[in-house]
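Residue numbers (our numbering), protein chains in the order written: chain A, 1 to 297; chain B, 1 to 345.
Heads up, some of the hints might be wrong.
Straight-line Cα separation of at most 25 Å, SDA-like style, residue types lysine to any residue; simulated pairs [claimed, not checked]: (1) 224/B - 282/A; (2) 30/A - 217/B; (3) 30/A - 310/B.
Stretches of chain B that chain A covers, calculated by requiring three or more beta carbons in the stretch to come under 8 Å of a beta carbon on chain A [claimed, not checked]: (4) 73 to 86; (5) 129 to 139; (6) 144 to 153; (7) 255 to 265.
No lab work stands behind these hints, which were simulated from the structure alone. Since the model is a prediction, treat every value here as computed from it, not as a measurement. C-beta: ideal position from N, C-alpha, C; glycine also.
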Amino acid sequence: MSQLLWNGLFVGSFYALVALGYSMVYGIIKLLNFAHGDIYMLGAFAGFGLLTMAGAMATSASFLALFVVLLVAMLATGTSGLILERVAYRPLRGAPRLSVLITAVGASFALEYGMRLVAGPNPQVYPIRLEGTTVHVLGARVTLQQLALVAIAILLMIGLQWLIMGTGTGRAMRAISQDPKASLYMGINVNSVIARTFFIGSALAGAAGVMAGAYYGKIDFLMGFLIGLKAFTAAVIGGIGNIKGAMLGGLVLGMLETFGTAWLGGEWRDVFAFGFLILFLTLRPTGLLGERVTERV
Amino acid sequence: MFWNRKKAPTTAGTARAGVLNRLLGDRRLGWIGFAVALLAPFVSATNYSLSVMTSAALFVMLAVGLNIVVGYCGLLDLGYAAFFAIGAYASGILATTYGWSLLATVPVVLVAAVLAGIIIGGPTLRLRSDYLAIVTLGFGEIIRITANNLDVTGGPSGIYGIPGLDLFGLDLSDPVAFYYAVVVIVALAVVGAARLGRSRMGRAWRFIREDEDAAEAMGIHTYKLKLAAYIAGAVWGGLAGILFGAQLTAISPQSFTFLWSALILMAVVLGGMGSTPGVVLGAIFVSLLPELLRDAADYRFFVFGVLLIVVMIFRPQGLWPSTASERAPDRRPDPAEKEEAWQAQ
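Please model the entire structure based on the sequences and the hints provided.
Okay, structure coming up:
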């Protein structure tokens with residue numbers, strides 16, 4: 001039981017990291033960024049490239065190296081998020097919703113198969129693998145590496161919370177999510193704040209990508225597809241557009257999945273998660289922490 | 001300017017487009033296309049080319065079906081392959097395990113497709129349209145994984161030995177005969193979808209696409225009509241699934257991945273959402289492209305992705321736009337309208 005809880009928490013913290021970017025972008029410009037899962041994939045590959053370049057040095061001081069790689073990969077994915085926003089989404093701001101959604105699908109496709117061109121269709125094996133000492137906490141088997149990854153995820157989330165609630169950029173983001181036009185009149189550079197939002201969200205997804213690569217050991221160009229869907233599910237469960245909701249949703253989804261797997265068997269895990277998404281949208285479309293929003297005409 | 005909008009096209013451009021549209025909007029065009037499809041086997045009738053052409057025709061049917069949902073009604077369905085899979089599996093199971101003829105499975109497939117449409121569309125069509133996109137994406141995965149896990153669907157290896165098509169004792173399993181049967185059925189499907197688009201319901205669908213709130217205010221029951229569009233799309237997909245099973249005689253979960261849904265969407269978007277001739281040509285283009293560009297197979301999907309973005313930014317109406325548009329296409333939106341677009345988002 002406590003093993004299941006721990007596993008759920010562990011998987012859930014990954015989902016939460018990716019869901020945050022989804023939810024932030026959605027909260028501010030009401031855009032479903034389908035390519036967000038592929039940014040996660042990009043992060044895993046950026047980390048892979050860096051670690052391969054670093055070579056033997058990395059294996060000797062694996063945890064410190066991983067930390068540096070994590071930061072560089074976050075910069076890289078953040079920048080690619082910026083480029084994506086500038087090239088694909090900004091020209092379509094104010095365009096019909098359908099066009100924007102289709103553009104997002106195109107962006108996701110281009111990233112996936114662009115990476116396939118670069119890295120090849122076969123899965124790559126991560127140069128370092130985090131397997132470590134096991135400790136027993138309340139009857140659950142927990143590795144130190146898992147603990148460290150969860151700690152990094154929690155630190156990142158605390159940092160984000162501070163950024164949004166305690167800095168000028170964060171205040172500008174919250175203002176834009178309430179009323180973009182009024183924010184513009186108040187002297188906020190809306191385009192630049194949106195770009196920064198993309199940077200932050202993409203960097204978080206990239207961090208999750210590196211961590212997943214280092215933990216599971218295998219990456220491929222389609223790895224972002226499923227997690228993108230899962231992250232969206234997590235964001236919806238928590239209440240899309242709501243930062244705390246995304247964290248909560250990630251954890252809830254992680255728990256649901258581990259318990260669902262234990263109950264139904266591993267091959268039904270994804271069916272269970274998406275079935276739950278549909279059920280949730282039927283019963284409580286605003287999510288656990290979301291407020292009811294009425295569409296204005 | 002707050003938003004970087006595209007410039008409105010010049011008058012010369014629209015005048016040219018007007019002539020072109022009248023030329024392309026001609027009714028005889030459909031007959032010409034039908035004749036080309038019928039004459040194609042006289043050019044090349046090897047088994048290989050027949051199978052490529054049959055696949056292209058099937059792809060046309062799928063694209064036309066998706067066009068009802070995406071093009072007419074403006075609902076983004078990213079799991080269209082699921083309905084295709086439901087049709088193929090329902091008829092495949094009945095035909096192999098219970099020995100039904102494929103024609104007899106049609107009513108069952110219809111019921112299954114409609115039910116699936118109601119199950120997915122029912123709850124999600126009440127919500128914002130973006131939710132539909134991602135829920136259908138999840139639904140596509142659910143169907144594929146379920147087919148992969150169940151015993152009755154043959155698990156990962158799928159179903160094989162699906163009999164060929166026979167209509168009232170007339171055996172159509174020969175490649176040429178099957179091709180002609182498919183062309184006739186697909187032509188009927190195309191005409192049916194186009195008629196649906198021009199009907200009273202089709203007008204309501206386009207109204208919903210353009211402005212859902214205004215449509216609701218004008219007394220259109222938007223939820224019912226969106227569900228109708230979704231179910232119609234499901235029916236087209238399910239019927240195409242029967243033909244797909246008959247063509248390949250074997251189906252497996254790998255045939256129904258997200259890639260399929262994305263390619264069908266690609267055909268619809270590229271050709272021109274809501275435009276029947278555009279979508280038909282788009283489907284033929286997308287399905288024949290890999291045959292023409294064998295060497296560039298690796299680049300294909302990457303190019304498709306980039307193309308989707310480019311089309312949406314520079315030519316959102318597609319290569320062959322719909323002529324039935326109620327709204328003047330070249331109007332420059334005024335600031336108030338932009339604000340609405342913001343708030344409606």
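Hints, verified against the model:
Of the supplied pair hints, the one linking residue 224/B and residue 282/A holds, its CA atoms being roughly 16 Å apart against a limit of 25 Å. With a C-alpha separation of about 24 Å, the suggested pairing of residue 30/A with residue 217/B holds against the 25 Å cut-off. For the hint linking residue 30/A to residue 310/B, the alpha-carbon distance of about 21 Å falls within 25 Å, and the restraint holds. For a cut-off of 8 Å, the count of residues in the stretch 73 to 86 of chain B with a CB near a CB of chain A stands at 3, and the three-residue condition holds.
Only residues whose C-beta sits within less than 8 Å of a C-beta in chain A count toward coverage, and the stretch 129 to 139 of chain B has 9 of them, enough to reach three; the restraint holds. As drawn, the stretch 144 to 153 of chain B meets chain A at 4 residues by the rule of a beta-carbon pair under 8 Å; at three or more, the given contact holds. Under the rule that three or more residues need a Cβ within less than 8 Å of chain A, the assignment of the stretch 255 to 265 of chain B holds, with 3 such residues.
Going through the hint list in order, the structure satisfies each hint without exception.
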